[in-house]
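Visitor: If you want the building blocks of each chain, they are given just below.
Number of protein chains: 2
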Amino acid sequence: MANEDNAYSFTTKATQHIKLGSLGAEGFPMYKGGRLAEVTLAYECWGELSSKADNAILIFTGLSPSAHATSSELDSSPGWWEYMVGPGKAIDSNRFYVVCVNSLGGCHGSTGPASIDPASGEPYGANFPCLTVEDISRAGFLLMQELGVERLFAAVGSSMGGMAVLAYAIQFPQKIEYLISVSAATSALPLTIALRSLQREIIRSDPAWNNGQYQKGHEPLIGMALARKLGLVSYRAADEWNSKFDRSKLPPEKLSGKHFQHEFEIENYLEYNAQKFVRSFDANSYQYLSRAMDLFDIAEHGGSIESSMSKIKVKKALVIGVTTDILFPSRQQREIAESLQNTGTETEYVEIDSVNGHDAFLVDEEHFSPVVARFLSNIL
Amino acid sequence: MANEDNAYSFTTKATQHIKLGSLGAEGFPMYKGGRLAEVTLAYECWGELSSKADNAILIFTGLSPSAHATSSELDSSPGWWEYMVGPGKAIDSNRFYVVCVNSLGGCHGSTGPASIDPASGEPYGANFPCLTVEDISRAGFLLMQELGVERLFAAVGSSMGGMAVLAYAIQFPQKIEYLISVSAATSALPLTIALRSLQREIIRSDPAWNNGQYQKGHEPLIGMALARKLGLVSYRAADEWNSKFDRSKLPPEKLSGKHFQHEFEIENYLEYNAQKFVRSFDANSYQYLSRAMDLFDIAEHGGSIESSMSKIKVKKALVIGVTTDILFPSRQQREIAESLQNTGTETEYVEIDSVNGHDAFLVDEEHFSPVVARFLSNIL
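Line by line, the protein sequences are chains A and B. Going by our numbering, the first sequence opens with residue 56, and the numbers climb by one from there. Going by our numbering, the second sequence opens with residue 56, and the numbers climb by one from there.
Source of the hints: derived by calculation from the structure; they are not laboratory data. In this text, all values refer to a predicted model and were calculated from it rather than measured experimentally. Heads up, a few of these hints could be off.
It does not matter which identical chain is meant; a pair holds if it fits inside one copy or across any two.
To be verified - As a list, the in silico SDA-like pairs of lysine to any residue whose alpha-carbon atoms are at most 20 Å apart:
(1) Lys-87 <-> Asp-294
(2) Lys-368 <-> His-356
(3) Lys-368 <-> Gly-272
(4) Lys-368 <-> Glu-406
(5) Lys-144 <-> Ser-303
(6) Lys-74 <-> Gly-89
(7) Lys-313 <-> Gly-180
(8) Lys-87 <-> His-317
(9) Lys-304 <-> Gly-88
(10) Lys-370 <-> Phe-151
(11) Lys-107 <-> Tyr-290
(12) Lys-87 <-> Pro-307
(13) Lys-304 <-> His-356
(14) Lys-368 <-> Gln-229
(15) Lys-74 <-> Val-410
(16) Lys-74 <-> Glu-201
(17) Lys-299 <-> Ser-105
(18) Lys-74 <-> Glu-93
(19) Lys-107 <-> Gly-358
(20) Lys-309 <-> Ala-108
Only chain A is shown next, with the shape it has when bound in the complex:
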């Protein structure tokens, strides 16, 4: 079922779309109010569902990735978690039925602000209802029900996806056996809120944003590029850049000669990566997903972090943090692990000493792959 109303829907033969069938007249009620009349979710899957439907792993993504976590016969292009997912890899598609879902509110095939609002025939834009991590998590749950998976073997997620995993286990405690939370948080710290709030404001300050009602071909690309640069700065760690760029300057032939030109390699790196991003991501999706992370506060589910965590009934949890993460610092990872442990969940905590900061899970195969592989292998 193609979701052709979404301009950013870079779907391939591997992307599947499903319209949640059980919503009925009630639609999809949002956690903080409002409702979506209908919800389409884009996902990819690898491996086979067992006859008992007891081998499904659901992957929730960070803010920007699509459902294309890894390559397959249908789509040979590398996925965003290529090293982690596939036959014989840490999340082994020979053993597991692995599903990755494009987040509700996203722009890679799932219903989001760029989708057509059936009530108006126009894109939702800034009229999309307030989005939360809980909504993303519940959309993933409903997807799995549609796919015939009553109960997950495990949910796995990093960054925003890790928050969604925790929200899944709290909202549907009987429907999940194991969880893996990577570089997530029980709630965002003020520095992290400041950095994300500023990114969103930079986008909204681009006149092309037009209160969220921009037209195709007139997207706020300047604001998006600046916001993405700020995102990139926060995703990586200072020391990685010290060794990678130091104070290297662009070669003379790359200098524009213009006043205020970019002169350092680090400036060029940010420009290149920002431009790669801006045409593939919807500015309103960025607003909603980024804000969802700021709003997430696990304590809302029980009055305190521990009383909320006590609702989780998984057999075992794996929590991974990174020493150089400034956005979701390691003390927040220890907080997740300790509150799980303190409320009766057997928990393994691994703090990875990587130079790659918050983005380490995307690139640091050497450190991440064995930790996830061992955790899943030990469950027989």
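Dock chain B against the given chain A, drawing on the hints supplied.
Guide: Then chain B, alone, in the frame of chain A:
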């Protein structure tokens, strides 16, 4: 001599202006090329110059402060380093003749991009020549010559001002006896360049910037506010905000009710402080001064950091760093201290364990004041 061509010249009765008299037909040649036909510098001073003119301390500022370092009878409003400078304080105006200079390229009375270019009769704007820390430092040197001070007792500076102090001691080794460098660097790290480059780009992306040729009343205030917010994020430390703001939200009566409104106290704090700043600072000055810090590389003065530092001939140096500074991290402070020490300068290094990040020197009187006071007291 009033410098009335500068729109941001918030000068008071205490601010003095001097037109550098010795420039002659050559004007002021800039370190990286180009020249200014004439240079006016704004400064304030406290205390009395001794008959031997051997008790002068020159203070260089960070990017944004004016020459108003501290209050006086002529201007009772608190200065930006009120706790540090004055009678009986660490930098004691009963003992020293203390001068604080508004940086060349700044907008609080000294010649900068908002000043009138005598050649065109219009503000320099983006036609101001490339500005470096070396230029700022040399302008300060010429000011002191005009004031009858051949040789400084000491130069003191923090952040960009600390860089200017090092450049002073390298460029005029016979003209300075002591130096105090606070939260400075021998050159900027890539993360720091990235954060500053992004601030400048945000300003230039505001359509009102108009290639630097904005008109009075049509300044790029939106870009300036966003840039200042990013600056503020980088000036402070995460833990300070954790204890100060945590996840506090605005009271309902302060919520605008608008979509995408600010909801967290941290967002409100940034907004308030950014708005306070934008009308008091020239956007082009921001471009030039910020870029000067990126361009500064002490190794240019001798081929390496140590060979450059070996040119410094002060009797003793005090280097201060802050554990939580992410912009000019403490390892850069140790680098300054060690390279001074290794090249024969007696150096005291103090690393202050403050929660206030890069801005600590502005607010952490308790930690900073005794360190500076003791250093100066021990010199008799």
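Visitor: Compare the structure with each hint and give your call.
Guide: Evaluated hints:
1. Taking CA atoms no more than 20 Å apart as the test, Lys-87 paired with Asp-294 passes in neither setting, with 40 Å inside one copy and 30 Å between copies.
2. In the homo-oligomer, the alpha carbons of Lys-368 and His-356 lie at most 20 Å apart inside one protomer (14 Å), although the nearest pairing across protomers, at 64 Å, exceeds that limit.
3. Taking the shortest alpha-carbon separations for Lys-368 and Gly-272, neither the intra-copy value of 48 Å nor the inter-copy value of 61 Å comes in at or below 20 Å.
4. In this homomeric assembly, Lys-368 and Glu-406 never come within 20 Å of each other (Cα to Cα): the closest approach is 23 Å inside a single copy and 47 Å across copies.
5. Proximity of Lys-144 and Ser-303 under a CA criterion of 20 Å is satisfied in neither setting, with 37 Å inside one chain copy and 43 Å between copies.
6. For the homomeric pair Lys-74 and Gly-89, the shortest alpha-carbon distance inside one copy (19 Å) is at most 20 Å, but the shortest distance between copies (65 Å) is not.
7. Taking the shortest Cα distances, Lys-313 and Gly-180 sit within 20 Å of each other only across copies (15 Å), while inside one copy they are farther apart (37 Å).
8. In the homo-oligomer, the alpha carbons of Lys-87 and His-317 lie at most 20 Å apart only across protomers (17 Å), although the nearest pairing inside one protomer, at 43 Å, exceeds that limit.
9. In this homomeric assembly, Lys-304 and Gly-88 come within 20 Å of each other (Cα to Cα) only across copies, at 19 Å, whereas the closest approach inside a single copy is 51 Å.
10. Taking the shortest alpha-carbon separations for Lys-370 and Phe-151, only the intra-copy value of 17 Å comes in at or below 20 Å, while the best inter-copy value is 70 Å.
11. When the C-alpha separation of Lys-107 and Tyr-290 is checked against a cutoff of 20 Å, the pair qualifies neither within a copy, at 40 Å, nor between copies, at 56 Å.
12. In this assembly of identical chains, Lys-87 and Pro-307 lie within 20 Å of each other by CA distance solely across copies; the values are 16 Å between and 53 Å within a copy.
13. Proximity of Lys-304 and His-356 under a CA criterion of 20 Å is satisfied inter-copy only: 18 Å between copies versus 50 Å inside one chain copy.
14. When the C-alpha separation of Lys-368 and Gln-229 is checked against a cutoff of 20 Å, the pair qualifies only within one copy, where the shortest distance is 7 Å, while the shortest distance between copies is 73 Å.
15. In the homo-oligomer, the alpha carbons of Lys-74 and Val-410 never lie at most 20 Å apart, since the shortest distance is 41 Å inside one protomer and 51 Å across protomers.
16. When the C-alpha separation of Lys-74 and Glu-201 is checked against a cutoff of 20 Å, the pair qualifies only within one copy, where the shortest distance is 9 Å, while the shortest distance between copies is 78 Å.
17. In this homomeric assembly, Lys-299 and Ser-105 never come within 20 Å of each other (Cα to Cα): the closest approach is 45 Å inside a single copy and 51 Å across copies.
18. Proximity of Lys-74 to Glu-93 under the C-alpha cut-off of 20 Å is restricted to the intra-copy arrangement: shortest distance 7 Å within a copy versus 71 Å between copies.
19. For the identical chains of this complex, Lys-107 and Gly-358 are neighbours neither inside a copy (37 Å) nor across copies (70 Å), given an alpha-carbon limit of 20 Å.
20. For a Cα distance limit of 20 Å, the shortest separation of Lys-309 from Ala-108 qualifies neither inside one copy, at 56 Å, nor across copies, at 51 Å.
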